[in-house]
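Letter by letter, the chains look like this.
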Amino acid sequence: MNSSSDDLLSRECDIFCRYLTRSAPSAYLRHAYGRGHASMAATCRADSLIDRALLGFARSGVAAVGLADAYAARFRRGSLLRCKLILMLALVEHDSARHHAFDQARSAPRMAAVAMLVLAGMAWALRLFVAIAMFGPVQLASIVTDRPAPHV
Amino acid sequence: MSRIVVVGSGASGVHFALSALSNGHDVTMLDVGFQAPHVVEPEASFEALKERLDDPVTYFLGPNAERVVYPSATSKHFGFPASKDYVFSRVPSARVASRGFEPLLSFARGGLAEAWTGGCYEFGDAQLERFPISFADLRPHYAEVARRVGISAERDDIERFSPFTAPYLPPLAIDEHSRRLLLRYGARRTQLNAALGFFLGRSRVATLSLDRQGRGACANLGRCLWGCPRGSLYTPSLTLRECLRSERFTYLSGQFVTHFHYDTSGRVTSVISRSLESGSRLESAGDLVVLAAGALGTSRLYLESIRRREGRIVQLSGLMDNPHAVVPFVNWEHLGRPVRTASYQFHLLAIGLAADDGSPEGHGQITTLRAASVHPIVQNLPFDLRAGASVFRRIRSALGVANVWAPGNRRAEHVVTLRTTDTGAVELVLDCAPDTESVRRLSRLAVRVRRALSRFGCTAPAGMTQILPLGSSVHYAGTLPMTEDAGEHTCDRHGRVRGFQNLIVADGAAFPSLPATNLTFTLMANAARIAESLGAA
Chain C
0 MNSSSDDLLS RECDIFCRYL TRSAPSAYLR HAYGRGHASM AATCRADSLI DRALLGFARS
60 GVAAVGLADA YAARFRRGSL LRCKLILMLA LVEHDSARHH AFDQARSAPR MAAVAMLVLA
120 GMAWALRLFV AIAMFGPVQL ASIVTDRPAP HV
Chain B
0 MSRIVVVGSG ASGVHFALSA LSNGHDVTML DVGFQAPHVV EPEASFEALK ERLDDPVTYF
60 LGPNAERVVY PSATSKHFGF PASKDYVFSR VPSARVASRG FEPLLSFARG GLAEAWTGGC
120 YEFGDAQLER FPISFADLRP HYAEVARRVG ISAERDDIER FSPFTAPYLP PLAIDEHSRR
180 LLLRYGARRT QLNAALGFFL GRSRVATLSL DRQGRGACAN LGRCLWGCPR GSLYTPSLTL
240 RECLRSERFT YLSGQFVTHF HYDTSGRVTS VISRSLESGS RLESAGDLVV LAAGALGTSR
300 LYLESIRRRE GRIVQLSGLM DNPHAVVPFV NWEHLGRPVR TASYQFHLLA IGLAADDGSP
360 EGHGQITTLR AASVHPIVQN LPFDLRAGAS VFRRIRSALG VANVWAPGNR RAEHVVTLRT
420 TDTGAVELVL DCAPDTESVR RLSRLAVRVR RALSRFGCTA PAGMTQILPL GSSVHYAGTL
480 PMTEDAGEHT CDRHGRVRGF QNLIVADGAA FPSLPATNLT FTLMANAARI AESLGAA
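Order-wise, the sequence lines are chains C and B.
Under numbering that gives the first Met the number 0, the first sequence has 15 at position 16, and the numbering climbs by one with no breaks.
Under numbering that gives the first Met the number 0, the second sequence has 447 at position 448, and the numbering climbs by one with no breaks.
Hints in this document: simulated from the structure, not taken from any laboratory.
Since we're looking at a predicted model, the values are computed, not measured.
Note that beta-carbon positions come from the ideal geometry of N, C-alpha and C, so glycine has one too.
One or more of the hints may lead you astray.
[As the list claims (entries may be wrong)] Incomplete in silico selection of chain C near chain B, CB under 8 Å:
hint	residue
1	Gly35
2	Phe56
3	Cys82
4	Met115
5	Ile131
6	Ala132
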């Protein structure tokens, strides 16, 4: 791997970790992400225009990941972006400094929990709405450009 | 004194061996025997382990995070951890091709039950209807195996589906979510029994609720899936250790058994194996040869031996597995409550589903979510991962899953045979035609479970119910069945293969039918029964 791809990997590790945990990754997590990324590459690929667009956009910042992920979660579940985010989620849930955020339930009175769920659902719906407006046309273009050429 | 050669160290093999040893026989066990990794931090809980290990990611996900569960067409809500890799490691020459069946094979010391969830249920006469033996024949062996294994259980409505006769230990401590489900069932019991044929009780599990025989009682560490560090959750390798204490027991590991030799009179003269380390060939002779390599492994050995001796490729029909559905649910009553990951991780409730005539029709087990890998679950929620993780934390205490099984369907179209590949290698072929009848029956059972859960105030979205492919239950059986009537490729009631003088099948291959209820307890009891039928040496 060359230094520019190392830099890219390090940058996306930083963005994805901040996206999922609101904090920067430790050196341990960066190293684990690098190892996991190499084995993940065999499972997940970004063959299509839409998958490349989602990943490229997500690499631009934490807010962008939220939009790209909202779209991928609904329409591109097996995309490379989604795989990378799942890898990061798997790493942080097993990290000694961060696992509490995943292992411990947020306890609250039932009605408060329902209200929080409704709010979270509305925020997600809003992100999804914006994401569809952004990536829907790209996916349509992807269907055209990724279509295999007919045999002559 | 008889010299017995046993192939395989799984649940059937070790209990056959222990009974044979206690009757004075000499036993040689041939096994590949991949071993479990060393136990780390035996007293640490699931969460403490993440904090104490220098490299928790490698322990939980593997050195290159290869155990991360990525999205796929058949996404599961969990993945086997790296610590269980030894259970599913393959021997390269044991090739398998399959259609309509997704097999799991194990060459581990202790076999597939090294990765089980411990469900133990006696088969009653209704479930043994097609067996040439009755519950009375098995009853003393259930008792003996229960003494060896240690099974925690409670007498309740599940007794209607599974006799309660063995010497059981008190039930495991129940978690708050399971307790509430049981209370709700109690309040609606009559209605649920009558309208849905739905019965609920405590699951019977091979996990100690009391210290015994050098094994500690379950300490609620929440590490069941990763391998119980205290030996509270029984695995067959524990019985293998007991066998190893006998000086009449010889355990040859690292041996991949390829076939057995037999003469024209049907007498098996020796078993041939190959060392995985050196490649050298070993010939083991005995007065009696016992196949206990699991239904698929035993079938392979049987077919390959005939192919080598007679030059013909035989087809064994009737391969079975329990059709299996997974029904995730949310219990709104439990929303917002705290979760203790330091608790027993597997199922604590069992479901019985009765047919209209009251006979057992389906079986299930409910696992409420406690310690778990989060990422396989969160990725299946319909949100982006950050929102999904947030929602998951709020609903975690309310989540659960019901696993539902239907009886295996014995069909002539489900065939096990051999095939020679282009390269000259011989592979096991599992060919199962689509079984729409079983899928329909399973779907109906899953609907009944969903309806029952909705009467508990739970929501089990139909779209999240998964019908798993055949082979997923890993309850393989039926290829060399015990029958009353003589027939080719069958056994008698003592597991003796017809046409052979001294060949016994002691595992699931000899089951002529497959009830919905978990078969492992019966596998062990039946193996002990067959060994006892040999009498004292």
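Going down the list of hints, with the structure as the test:
no. : hint   : verdict
1   : Gly35  : 3 Å, holds
2   : Phe56  : 13 Å, violated
3   : Cys82  : 5 Å, holds
4   : Met115 : 6 Å, holds
5   : Ile131 : 13 Å, violated
6   : Ala132 : 16 Å, violated
Hint check: violations occur at hints 2, 5, 6; the rest are consistent with the structure.
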